[in-house]
Every structure is written in C-alpha cells, then in structure tokens.
Amino acid sequence: MSPLFQANQSRLYPWLLGWQWHLNQRVTQALVWVYFLFILVLPLSSLFWKASQEPLTDLWTAIAAPAAWDAYKLTLTTALIAASINTVFGLILAWILTRYTFPGKRIADALIDLPFALPGVVAGITLVALYGPGGIIGQIFDPGNPLGNLLEQLGLPEVSLTTSVIGVVLAQVYVTLPFVVRIVQPALLAIEPEVEEVAMTLGARPRQLFWRIILPQSLNSLLTGFTLVLARAIGEYGVVVILSGNIPYQTLVSTVYIYQRIEEFQLSQATAVAIVLLIMSVLLLGVANACQGWSRPWDAE
Amino acid sequence: MNVNRIRAQKTISAWGWLWIGLGLGFLGLVVGLPVINIFYQAFNKGLLAYWQGINTPQAWHAIGLTLTAVMIAVPLNTVFGISAAWMIARQQFWGRKLLLQLIDLPLTISPIIVGLMFVLLYSPLGSLFEYWVNQWNLKIIFAWPGLVLVTVFVTLPFVVREVLPALQDLGREQEESAKTLGANGWQVFWQVVLPNIRWAVLYGVLLSTARALGEFGAVSVVSGKIIGETNTLTLHIERMYLEYETIAAFAGASLLGLVALLTLICQELLRRYDNRIAS
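Order-wise, the sequence lines are chains C and V. According to the numbering used here, the first sequence is numbered sequentially starting from 1. According to the numbering used here, the second sequence is numbered sequentially starting from 1001.
A few of these clues could be false.
[Said to hold, decoys possible] Per label pair, the in silico range of CB-to-CB distance:
{"no.": "1", "chain 1": "C", "residue 1": "ALA204", "chain 2": "V", "residue 2": "GLN1187", "range": "57 to 63 Å"}
{"no.": "2", "chain 1": "V", "residue 1": "ARG1271", "chain 2": "C", "residue 2": "ASN220", "range": "32 to 38 Å"}
{"no.": "3", "chain 1": "V", "residue 1": "ASN1134", "chain 2": "C", "residue 2": "ALA65", "range": "52 to 58 Å"}
{"no.": "4", "chain 1": "V", "residue 1": "ASN1184", "chain 2": "C", "residue 2": "GLU194", "range": "48 to 54 Å"}
{"no.": "5", "chain 1": "C", "residue 1": "VAL88", "chain 2": "V", "residue 2": "TYR1244", "range": "36 to 42 Å"}
If you are wondering where the hints come from, they were derived from the structure by calculation, not from laboratory data. We put the CB at the ideal spot given by N, CA and C, even for glycine.
Assemble the whole structure, with the sequences as input and the hints as a guide.
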C-alpha cells in the first residue's frame, strides 16, 4: 500500500457513513465491474476463446505462415528503427524545450502532442501528399529531377519515401513522436541545476556534462520511452496502411496482415497473429512499467 | 515546485542553436509540414471545390454517424470513468489492482485487434454469441452498434486516468467534513468532489472526444464500410482518398485537422487552469 493511500485512510470514514453509504458503494462497485466485464474482459477473452476452438497445430501453422512471419520481421525491424530515431530526436526536443528560450517554443511544445490528436488516416494522406512520388517533397527523389537522376545512376531507380520500408518507418516515427519527449521532459526538469553548475565550476565540458550527468539521470526515462514506442509502433495501423503500400513479403506489417485476413473472413488465422501481437505489446508494456514504476504512485500498492 | 523552476537560458551558444535547429527541423518535417499540408491540399483548388468536396450526402452521413458514436461513447465513459476512479481512489476491494491494469489495456491493444475482438464476439458467423445474434436478429457487426462498441472500448481509459490522480490529490478530509455536517452522498459528490476534479474530468472528456472522432483501425474492421450506412468520417476520408477524390478526402481531413488543433489549444488552456495536469 502506498503511503499516499494510507494517509487518505481515516478511521472516521466507515463509521461516519453508515449502512446506506455502504450499500451505495456496493451497487457502484457492482455496476462498474459489470461495465468493465462487458466492455473490456469479454472482448479480450474472445481472442482466447477463438484460439481454443482450433487445433494447436492449425494455430501454429497460422502463426508461422511465411507471409505472417515476414510481417512480424518487418514490423519489429521498422519499430526498432523508429524507436531509435525517436529516442535520439526525442532527447534533443526534450532538451531544447527544457533548457532554451527561442521563438516559437510554445508552438513547438504544443505541436509535439499533435500525433495524439490527429487521426491516423488524416496523417496518412497528408504524409503521402508530402513525401509520396510526385509529392511536394517526395518529387525530388523522382526520376527526372537532379537527385532522382543521381540515384538512378547509382542504380537506385525508384527510391520512394512511401510505398516502401521507409514509408513504414516514417509512419511509425510520426505516430510515436510524442512518447519519448513527454517522458524525458520531466526527467530533465528534475535534474537539480546546482549539480550542473557545480560540475561547470569544477571545469567540466559540455560533453562531459552530457555523458556524466544528463544521460545517466535520464537513462531510465529514455528506456521507458523506447519500449513504449516499440509497443505502440507494433500496433499501428491507420498511418501505416496508407503510407506503406502493403506489398506482401515487403511492406506488409502485422496489423495490416491481420486486417486482410479478417477481410477474407479467415478469423482463426487473424486471431493467431493477433495473439502474437498482443503478447508482444503486453510484454513491452510490462518492461516499460518496470522501468518507470515509481512515476505512477497510484499503481503502487 | 522547486524542481520545476524555469531555467531556460537566455543566451544560446552555437551548439544550442544547432540542437534547436535539429529538433525543430525534425518536428517540422514529421509533424508541422504535414498539418499545414492538410489545409493547403483542401483549399488548393479554391473554396468552391472545397465546399463541393464536403457537401455530399455521403460526407454528411459520415459526419453524423461519427458524432453519434462520440455522443454515446463519451458520456458513458465519463460516468463510468468517474465511478471507477472513485472506487479505486476511495475504496478497498478485491481486484482493485487488477482493475487498474485492465483500464490501461485499450491504450496498448492495436485498434485492428480491438475490431477483431468484437467481430469474434458478435459476428453472425463463427462468433461466440453467434446463436443469440441469429436468434434475435441482432445487427451489431457491419452496423452502428458495432461502431459504438469499439469507440467505447478505445476511449475507456482517458477519464479514469485523468480523474484518479485528481481524486487522490484531493484526499478525503473535505468529504468527511461535508458528511459530518450532514450532507448525503449526492450532495458530497456534486458540491464537494466534482468542483474539485472538474478540470481533470474535462481534460479526460477532451481526450476521449478527440480519440473517438479519429478512430480508424477498429471501426474499419467492424463497419463493413457500407456507404451511407456505416461509413464514419475517417472511413469516408480513406474511401475518397482511394478513389483519387483528393479534394474531397482533404476537405474531410481538414475538419478532423481543425478538431485536432482545437484539442491542442484546449489542452494548453486546461493545463493553465490546473497545472497539476501533465501531458
């Protein structure tokens, strides 16, 4: 039990409230549980019910189907790349937002939350219009433009920022951009300024300051952010489905694979892959919670 | 708080400018430009084209359907979110910790898997409740109730997660004083508790609404995408995009983009009212 909770518990409380209050409590509890069973637990258990209907060998065949296997590999690889990119730039963004004043800082700070608020499909179509072939920025890679011609001579005739593995990474980077920044920001704020000042007066260089003070103290939150990004990137659908082109064995991620199986009404195959994905993201979330258990006091008991 | 004191530097070194440039460049390319581009693409061909893109029966139906789902899911989750937060903060009961863990799950589970779960429950073919769905001729999957159910699922955590810390910060003393002065349960809730947690509730409602309006993966599984019947706004945008109706797609997208920007502004305002609210 957390100290916070103990402090809240007064001996007067149950005595004051009498049997009517007690009954109210019981009724609320019952209603909330029924709601949660119906909305949360029942749907979750449907996956395992479906899996239990199938023979284990069939389930394994569905999990290990070549197309499914390539989809896991692609999803995990791109998620790792996206998580690395966002950890580096997340640290930079958190750093400049906590340490510097510059024009447009408030707007930048607010913009970081945009991927949470902007629907995936909207983000998907605007990213394609920007970075896709013929897009406002994407066209510089098209054949006929200087960079496109150069790439063609290098033997890379059709480099595209969308409809390719780059598109998958771009989608995952976009969606998970807020995570690392928002987790690292408080950690950077919490570093006592005195520590840095003392280090400076003792002659530490900025580089030493970073490796000896800033990095060790924000490492925990960087790791948490990295795992959360992985978990979120693995489950992403909306932006990826529009940006990746969904080419089987090449740019087809696991969520799109599941969606296509549902469209073909192969529900047991969809369920098998969904369970693999679900287990991966729950495990990653467990790791993230272990990294940062102290930051959510109401979880501790 | 002492640790949160502002210590932004006024004079910025060359290295500082390098980091600022890198950070802002990245943010601009990944988030800033795309959001500006939505409005550029929507109004590119003039206001008339924009209006023609948005003023179609399918688009209006999609907007109406999305708003219906929001108006059912958000109030439901607000009421149950406050009740659940209240239970977890104030009562000791079996499964308290389990409930806390369960509440976070919708944030982790991929929307596609959410859609699949409801198909496995209520589809008329090969689902858990197949018998009853056929017996009573229930239309849940490929119909609006399915859309509402997945919207409720994905927006479940937001109000609880915002209200719970607010209730724990508030403590019990004020409620107990009200009780000793003779207030009943409802009076305590409306006059003591609610005024203290109102910003947290509002913040949760804001996040739920934004999420519900923008839900795409889960609804695309359960909706069946029947035009004029089960096509929500996000599905409508996807359809227009796939049919190369670029202006219509971006016209719809501009509405949701505007909502997203408004959400960010409201978040800023709420954070100013209640500096305890973190991101």
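Hints and how they fare:
no. : hint                                  : result
1   : ALA204(C) with GLN1187(V): 57 to 63 Å : 59 Å, holds
2   : ARG1271(V) with ASN220(C): 32 to 38 Å : 24 Å, violated
3   : ASN1134(V) with ALA65(C): 52 to 58 Å  : 31 Å, violated
4   : ASN1184(V) with GLU194(C): 48 to 54 Å : 52 Å, holds
5   : VAL88(C) with TYR1244(V): 36 to 42 Å  : 37 Å, holds
Hints 2, 3 from the list above are not met by this structure, while the remaining hints are.
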